[in-house]
Amino acid sequence: MNQPDGERERLTALGGLAALSLDALSSVAYGPEAILVVLVTAGVSALKYSLPITAAIVILLAALVTSYRQVIEAFPNGGGAYAVSKRHLGKVPSLVAAASLIVDYILNAAVGVSAGVEALTAAFPALYGARVWLCLLVLALITASNMWGVVESARIFMVPTLAFIAAMAVVIIGGLVRSQPDVALSHAMPSITDSVGVLLILKAFASGCSALTGVEAIANSVPQFRKPRAKRAQHTEVWLGVLLGVMLLGLGELIRRWDVVPQSGTTVLAQLTEGAVGHNALYYVIQLITLVLLALAANTSFGGLPVLAGLLAHDNFLPHVFGLRADRRVYRYGIGVLAVAAALLLVASRGDTQALVPLFAVGVFVGFTLSQVGMVRHWREQRSSGWVYRAWINGVGAVLTFAATVIELGSKFLAGAWLVAIVIPLLVLLFLAVGRAYERIGVQLGIGQVPPPPVKMPVLVVVPVMGLSRLTAEGISAALSLGDDVVAVTVVYTDSDDDSDSETGAQAPDASFREQWQAWRPEVPLITLRSVHRSLAKPIVHYLRRLEAEDTYHRLVVLIPEVQPTGPLQWLLHNQRGIILDRAIRRGTANVVLCRLRYRLETLAADPAGAADAASGR
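The working numbering numbers the first residue of the sequence shown as 210 and each following residue consecutively.
What the hints contain is simulated information worked out from the structure, not anything from laboratory work.
One should not assume that every hint holds.
Simulated restraints on C-beta separations [said to hold, decoys possible]:
#: 1; residue 1: L635; residue 2: R809; range: 40 to 46 Å
#: 2; residue 1: E757; residue 2: V652; range: 23 to 29 Å
#: 3; residue 1: L641; residue 2: A271; range: 53 to 59 Å
#: 4; residue 1: V668; residue 2: M367; range: 18 to 24 Å
#: 5; residue 1: Q653; residue 2: T775; range: 34 to 40 Å
Even glycine gets a Cβ: it sits at the ideal position worked out from N, Cα and C.
Turn these sequences into a full structure, and let the hints steer you where they fit.
Listed below in structure tokens is the structure:
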């Protein structure tokens, strides 16, 4: 059955998995390694905790997936933690959730790109010096694909996503059927060790939780799916949880079996791949697929943040341009801001993933917790069939994610999480400031109120002119259409170069122009303003101020006709009179309405007879 045009541009369940789940799925390339990097500092005795920690993370993943399925059902318009918190927890908690998710989206984009490029430079060391430029290039390509449209970008990412899932299946199954790795792995340990304690376990758990970022992106982007939107999004969420959980546990078991430890110059996933399939062509293929997925993992942010920014704009907490969608249903302003912010992070960190990881995944757990608490209140207020069971699911999720939030913030605070703790409140203050600004504008404009009936009031339209032309005729015609009283003003420079020549008897430019004006007979008076210092704007501003002081007219309108350049060359060739007058009049007057009429040059030249008829009133 043919889909309507609007539905064809939306996501299927498979397309949603490709477009919105890359962050979570590709995190298996660095999540298990993040656990080992912490545990290895305590020596070989600590490595036995890697699989239990991985299992704990998978339990938390299951709780999150189950909870977010309920969020999707209850809030099919998207928004995730922000929408839930706004309805059930109030304005400030919802803005905290939104700010935390925005921070995590930006960090995820930067980490995904930098991790992919680091993997590339590890394979090709000659590219290491250009890693920042490579990061910016990859980010630009992802941004362009999302500007193209979400469906097109989903199709681009579908093949690499499926290839990565297949590659991880090969590694896990191939490793589990072997009693020993195909290639001997190094077990070199650092010489400095520490005791295994609760704090070390919690720190390893916090580092491993980086694998859970991106779980909320599907709930935030429900409107991007085809109908039935909620069902498709729920199916995508479940498949994400199953695939990610199986990958984490499978790789965790291989790490335990083979006593894998982090080594410089390679990754844990690369060691597992080498042990499972050998050092052959298949090994390089899997590594290449992993590189692509790491670089494309940033697409989760490009699917989630613009939608969230659009919801904030709809609620007047961000400028309304963030709610505008282009022809292909993409929020281009949100995509652009995300790309710029991620680019700044990549430049500041010089493309170093490890400089960004301490900031990673802290903010998202704040949103997780607020979302679960809000859902508990949602079911309690709704009291539909089975509400107690549903509330318990979200309640358990709230406890687990709150504990993870405390662990994340505490264990990473000195390593850089303090910056996130500052940025989130600043974003909340920004949202509140934007909201107050829109409230003031709404009061001043009387938005939502019935205005008084329209009344015709005296208006004077002032048209600055420099000479006779078709552009002048268009401007005077438009002015006569706007108001009954119209005056044209021209500025004459009174320096020696423009005075009349007493010896030759040549006319001054003012007299010549006035004779042309009278011969044209536009039935509009021409006011001559004189300037000693060859200033165009000051005499006109002084004239407008005098009109304001006389208070004869209810409204003063200045209409500036000008040619609209069609390219950079025309922009350079045409004078900047409109820009100069615009800036000066806005700064120098209080109640003047300014209108710049831009005409295409080809339009003015196409119908000279029509322009003349309009000017003469025929």
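We went through each hint and held it up to the structure:
1. Distance hint check: the CB atoms of L635 and R809 are about 45 Å apart, consistent with the given range 40 to 46 Å.
2. The hinted window of 23 to 29 Å between E757 and V652 holds, with their beta carbons roughly 25 Å apart.
3. Under the hint 53 to 59 Å, the C-beta atoms of L641 and A271, about 36 Å apart, miss the expected range.
4. Taken as a hint, the range 18 to 24 Å is violated for the pair V668 and M367, whose Cβ atoms sit roughly 59 Å apart.
5. Between Q653 and T775, the C-beta spacing of about 37 Å keeps the proposed range 34 to 40 Å intact.
The earlier numbered hints that this structure contradicts are 3 and 4.
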